[in-house]
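A.B. asks: Assemble the complex: chain A is given as a structure, and chain B must be docked to it using the hints.
Number of protein chains: 2
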Amino acid sequence: MAEKPKAFGERYMVKPGKSFRLADCDPRAANGFSDKDAAKADTVRDAAAIDALQDKLYAEGKRALLVILQGIDCSGKDGTVRAVFNHCGPIGVKVQPFKAPTADELAQDYLWRVHHACPPRGFIGIFNRSHYEDVLVVKVRGYAPPEAIEKRYDEINAFEKMLSDNGTKILKFMLNISKDEQAERLTERIEIPEKRWKFNPSDLEDRALWNDYMKAYEVALTRCSTHHAPWYVIPADRNWVRNAAISRIVRETLEEMNPKYPEPKGWDPKTVKVV
Amino acid sequence: MAEKPKAFGERYMVKPGKSFRLADCDPRAANGFSDKDAAKADTVRDAAAIDALQDKLYAEGKRALLVILQGIDCSGKDGTVRAVFNHCGPIGVKVQPFKAPTADELAQDYLWRVHHACPPRGFIGIFNRSHYEDVLVVKVRGYAPPEAIEKRYDEINAFEKMLSDNGTKILKFMLNISKDEQAERLTERIEIPEKRWKFNPSDLEDRALWNDYMKAYEVALTRCSTHHAPWYVIPADRNWVRNAAISRIVRETLEEMNPKYPEPKGWDPKTVKVV
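Here the protein sequences come in this chain order: A and B.
When the first sequence is numbered by the UniProt record's numbering, its final residue is 275 and no position is left out of the sequence of numbers.
When the second sequence is numbered by the UniProt record's numbering, its final residue is 275 and no position is left out of the sequence of numbers.
Do not rely on the hints blindly, as some may be mistaken.
For the chain B half of the interface with chain A, some residues (derived, Cβ under 8 angstroms), not all of them [said to hold, decoys possible]:
no., residue
1, D78
2, N86
3, P90
4, P269
It should be emphasised that the hints constitute simulated quantities derived from the structure, not laboratory data.
Because the structure is a prediction, the values reported are computed rather than measured.
Cβ coordinates follow ideal geometry from the N, Cα and C atoms, glycine included.
Okay, chain A solo, but in the shape it has when bound:
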């Protein structure tokens, strides 16, 4: 069931069913944002609009929005949440980070913990990493047999289709940074004492596997960008471009969902009196 493509988001979208090369996506592309201050002001406006729309989404209580953030270390997942969703605050937005699975989680299929963490109706849910790690790190590091991983793309598409059919709108953002930009950000985490807690030596092992990760991303983006759950590749070397692009796509998506305040049920505003 094809949806009307979004005027703005389309430029970032991995077109469902088409071939796609990640190397064609420039991490420093401006894509319509030429002025830094103007882009930052746009982001603030969009974040306020998202907040107002979330209030209606919650009041309506029928649908949810799931925002999936994927990207290599230092790609700016937390920064995106702060810029786009702090205006909404923690009441209507649930952030779910996915770390290495626990023993209990490994005792279930890989989608089990993900399903459990999906946003309830009325909420915006944000996945900081997601089930896509099960075709990214798991593939690159060889944590599951290739035959099992090969099946996951279709399984993920079916899972997301079910969520979508049941009222959850899904947006998937790949935060695309360059290898040089990652080097700068990792170096900051090592050099600045207040940032050191964010650094883990295994980040460098993953960096050494950069090409394998990009190849795994390319396959995932190609096979799992669908009309019901499209992938967007966001140029993320500059935070302000990243934030402006994502806030605008989220805002447009919510505007298209067009949530409405419900009518009173079981009472009449004309007759009810407070005494």
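C.D. replies: Same frame as chain A, but now just chain B:
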């Protein structure tokens, strides 16, 4: 184990072990906030400081802060979260509303769902209503036998002591509004179409039981304000006084906890190089 009383928060604190009358607390008290604009600016500054402290709390990963918000309908629980915690955003803050328990929750003891929702180490957790409903609405509406309710005060104190001993600092705020102020706010919810979804006719039934609720609050505040988990009665008729008071107490509490960025574990910033 007595803690050093907080210079500022003390004026709102229900003193552990002392007699207490809710009627002595003026919902319109200014308590040191005389100027509205100055109080609002203070709140913004405190919210930013809370954000910075939360980052350290998360990095440290050893302790949590649990903020309990209780108050009658329209007392401003959501507004408090927005003013004090939106600056932190949804990454480090988890808001847990407690509504009427589900069938599964009723099949467990009353603290079961509450325990499950407590903030993990590193997080700020906010309870919008809490286990105190089990000695408030449950008492006023007679949903449990009086003998069972009578035991709950000590059970709650023991539960909170255990949380506190295990690294969770607890702050409990009763948002104290007057019956007149509630009438104004309920009337708004009935008259303004965008607010109607927040109104439920049962709110008026609770309003009719106002005196019973205040009596139940008085008993709960008296019996469950402890050194490890004090109750604060916040004058809440004016939002800006409420926000300024709570943000300051939260900030002072986090400053007293004094979380620290951890030292690198298992790697040396002097030798690690990004290649």
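A.B. asks: If a hint holds in the structure, say so; if it doesn't, say that too.
C.D. replies: Hints, one by one, checked against the model:
Hint status for B/D78: holds, given a least beta-carbon distance of 6 angstroms to chain A, under 8 angstroms. A distance limit of 8 angstroms between C-beta atoms decides the matter here; for B/N86 the minimum to chain A is near 4 angstroms, and the interface restraint holds. Taking 8 angstroms as the C-beta cut-off, the interface hint given for B/P90 holds, the closest approach to chain A being about 4 angstroms. At a threshold of 8 angstroms, the smallest CB-CB gap from B/P269 to chain A is about 5 angstroms, leaving the interface hint in force.
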